[in-house]
Amino acid sequence: MNRSFAHLETQRLARCRLLEEILRRRLPGGGGWGHRGEQFGAEPTALALLALHSESIVLRERIEPLMARQGTDGLWSDVGDPMSVNFWATALAVNTLSILGAEPTTYADSVEALIRSRPMEASWLVSLKFRFLDRHVRFDPRKYGWPWVPETVSWVAPTAMALIALERAKRRGLGRGGELQRRLRLGTEMLIDRACPGGGWNAGNAVVYGVPLRPHVDTTALALLALRPLYHLPIVRNSLRWLLRNAECPSAYSLAWMILAADVYKDVEITVSPAINSARNRLAALVEDPRTIEDTSTIALAAPALDLDPISNPFEVEE
Amino acid sequence: MNRRVFGAAAIAGTGALAARRMLSTGSLQDRRKPRSRVAVIHQESYSDRLDQTLADGLRLFNLDLSGKTVLLKPNLVESIPGREVNTNPRLVGAAATAFLTLGAKTVLVGEGPGHQRDTMLVLAETGLETELRERRIRFVDLNRDEVVKVPLKTRFTGLEFLWLPRTVLVSDFVVSMPKVKTHHWAGVTLSMKNLFGVVPGVAYGWPKNPLHWRGIDRSILDINAAVPAHFVIADGIVGMEGNGPLHGSPRNLGRIVMADDPVAADFTCAQLMGLNPARVNYLTQAAEFLGNGAPQRIVHLGESLPRTVAPFAVLPEFAHLRL
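For the record, the sequence lines run as chains A and B.
First residue of the first sequence: 0, per numbering that gives the first Met the number 0; consecutive thereafter.
First residue of the second sequence: 0, per numbering that gives the first Met the number 0; consecutive thereafter.
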């Protein structure tokens with residue numbers, strides 16, 4: 000058995016164990032998944048459904064674990080409480096329902112709610128404050144995306160996921176044309192505006208008190224997934240290079256995002272495939288015993304990242 | 000007194016008056032003990048002696064830990080080479096062992112970093128993962144723990160409740176383990192500010208932006224009133240000055256500060272930093288109801304405070320804090 004075959008077999012076995020663990024962690028009554036313990040979480044539920052879908056595993060409850068937690072306004076919370084709206088959780092849920100082939104009417108209100116939502120800097124007063132009074136954090140508040148929760152400003156992770164979900168929803172015929180296009184454009188501009196000077200993304204600020212912040216692997220991966228159509232931009236290419244240098248990242252959650260993001264660039268950048276191979280070997284080792292990983296999101300994200308023959312990448316922006 | 004000092008003093012004074020008014024109307028419960036105990040302990044480095052230093056230091060307090068679950072809450076932000084950003088892993092490990100030696104049933108370490116979503120990455124990069132594995136201590140990611148809706152006892156932020164991690168709420172003895180640092184928004188980040196890390200990212204995002212918009216000072220007060228730390232072990236062996244909490248410079252302070260009152264601990268740490276705690280807005284307000292700031296109500300079990308200290312460098316916005 001040659002070395003590369005052995006690696007592939009290790010990855011395949013790791014993936015099987017991850018899927019078994021995902022099934023083992025289902026909440027009683029088919030109520031979805033929790034981050035840890037028995038409390039529903041929208042993120043682990045959406046990611047677990049995607050992981051099982053990529054293996055063509057269909058559960059009896061199908062999309063019900065997500066639909067049961069959708070608020071009347073179409074939005075989701077990540078902690079299962081309808082009053083605690085979370086735009087990251089909502090975007091993940093919309094993207095998941097879309098990939099699972101749910102009837103578009105089930106999440107049409109969610110798409111509209113995402114398009115309608117505004118971060119704090121969309122208000123002219125707050126925008127003026129950041130443009131002229133409070134300049135400790137360098138950013139252009141006229142370019143905004145999505146916050147984590149209402150009444151706060153835009154951040155990279157929820158913005159990237161909202162862009163991915165809305166692009167997919169657009170192809171399902173959802174969303175009002177002009178306003179949808181405007182939000183997609185503004186969100187994209189926001190990501191580019193908030194990139195770290197040398198490439199990559201921190202949580203959402205690039206320069207604070209004149210000091211450039213360091214990029215994070217997971218947020219950089221998310222932004223790169225959302226910005227795939229803009230590969231021609233130097234900031235996107237630089238960010239990809241930065242990401243590929245992190246194939247030895249010691250954490251499964253970040254590494255899984257790194258693989259999924261790099262995967263969508265493998266047709267345009269020759270160094271991507273070797274980096275993915277290396278990262279997959281590392282990831283397979285990190286998740287060797289998934290029972291020791293507390294966060295179900297990590298397990299559910301690692302499974303598609305180790306998929307050697309993916310039907311489709313669940314976070315790839317359709318062109 | 001220049002204009003900035005006057006402004007800061009005025010804000011702190013107004014805050015303290017507001018807290019006093021709330022106390023007098025009964026809307027705020029006075030939780031101060033008659034006396035708080037603080038031990039300033041000399042420790043020059045993160046050496047093998049730390050285990051002994053921690054055990055000796057804790058014995059000064061005669062804590063009843065028998066059968067208790069102790070949660071250590073260090074300050075983990077992210078790993079930046081060359082920067083003293085995080086509570087040193089060896090100090091956390093030594094504290095865990097010391098609490099077990101003194102009779103605790105279980106010791107857990109929990110944290111929910113504010114900006115870095117991948118808590119396990121921070122754990123690995125800071126070396127805390129290895130430290131805890133070697134000592135067989137469990138870590139809980141407070142950003143992704145089960146959460147409980149907790150009605151607030153104070154309304155400084157105007158929020159009626161906070162989502163808080165179940166692990167924190169069921170622990171018998173919560174220990175705040177801050178890094179002694181300056182902070183570009185709050186002035187200083189010590190044991191009270193450190194409790195921002197118990198607020199779960201799954202409910203509030205990364206960073207915990209709703210609390211920033213409600214005011215960092217006000218949020219610190221509400222969080223500490225909701226989740227009082229029972230004990231403090233502050234990492235002042237090497238602190239951070241200047242543009243903290245991430246990009247400041249290391250500052251050798253050579254001290255560990257232990258206390259059974261977070262307010263007393265933070266007043267003491269600020270003084271060790273050469274800063275005036277009475278000019279830190281949230282500390283002034285906290286000293287009205289959460290804990291003791293007045294010197295006559297703080298008993299020093301270890302070293303006494305040095306008479307003179309070269310003040311920590313601070314950003315110009317916080318120049319008024321320097322003694």
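Please keep in mind that the hints were generated in silico from the structure rather than gathered at the bench.
Note that beta-carbon positions come from the ideal geometry of N, C-alpha and C, so glycine has one too.
Treat the hints loosely; a few may be bogus.
[What the hints assert, rightly or not] Listed next, with one range per pair, are the computed distances between beta-carbon atoms:
#1 B:Leu151 with A:Arg23: 34 to 42 angstroms
#2 B:Trp212 with A:Arg213: 21 to 29 angstroms
#3 A:Arg134 with B:Leu59: 56 to 64 angstroms
#4 B:Arg306 with A:Arg137: 22 to 30 angstroms
#5 B:Trp212 with A:Arg175: 27 to 35 angstroms
#6 A:Cys15 with B:Phe160: 41 to 49 angstroms
#7 B:Gln28 with A:Thr9: 56 to 64 angstroms
#8 B:Ile79 with A:Asn276: 49 to 57 angstroms
#9 A:Arg2 with B:Arg137: 49 to 57 angstroms
#10 A:Thr270 with B:Leu59: 55 to 63 angstroms
[To be verified] Here are some chain A residues the structure puts well away from chain B; computed CB gaps all over 10 angstroms:
#11 Leu49
#12 Val57
#13 Gly177
#14 Val210
#15 Leu212
Cross-check of the supplied hints:
A C-beta distance of roughly 37 angstroms is found between Leu151 of chain B and Arg23 of chain A, which places it inside the suggested range of 34 to 42 angstroms. Separation of Trp212 of chain B from Arg213 of chain A is about 25 angstroms and conforms to the stated range, judged on CB atoms against 21 to 29 angstroms. Checked against the given bound of 56 to 64 angstroms, the beta carbons of Arg134 of chain A and Leu59 of chain B, roughly 47 angstroms apart, lie outside it. Distance hint check: the CB atoms of Arg306 of chain B and Arg137 of chain A are about 42 angstroms apart, inconsistent with the given range 22 to 30 angstroms.
At about 29 angstroms, the CB distance of Trp212 of chain B to Arg175 of chain A agrees with the hint of 27 to 35 angstroms. The hinted range of 41 to 49 angstroms is satisfied by Cys15 of chain A and Phe160 of chain B, whose Cβ atoms lie roughly 42 angstroms apart. Under the hint 56 to 64 angstroms, the C-beta atoms of Gln28 of chain B and Thr9 of chain A, about 58 angstroms apart, fit the expected range. Checked against the hint of 49 to 57 angstroms, the C-beta distance between Ile79 of chain B and Asn276 of chain A comes to roughly 29 angstroms, which is inconsistent with it.
Distance hint for Arg2 of chain A and Arg137 of chain B: a CB-CB separation of about 36 angstroms, inconsistent with the stated range 49 to 57 angstroms. For the pair Thr270 of chain A and Leu59 of chain B, the supplied restraint of 55 to 63 angstroms holds, since their beta-carbon distance comes to about 58 angstroms. For Leu49 of chain A, the non-interface assignment is confirmed: its Cβ lies about 18 angstroms from the closest Cβ of chain B, beyond the 10 angstroms cut-off. Val57 of chain A, annotated as away from the interface, keeps every beta carbon of chain B farther than 10 angstroms; the closest lies near 27 angstroms.
No Cβ of chain B comes within 10 angstroms of the Cβ of Gly177 of chain A; the nearest lies about 29 angstroms off, and the non-interface call holds. Against chain B, the non-interface label of Val210 of chain A is violated: not every CB pair exceeds 10 angstroms, the least being about 5 angstroms. Against chain B, the non-interface label of Leu212 of chain A is violated: not every CB pair exceeds 10 angstroms, the least being about 8 angstroms.
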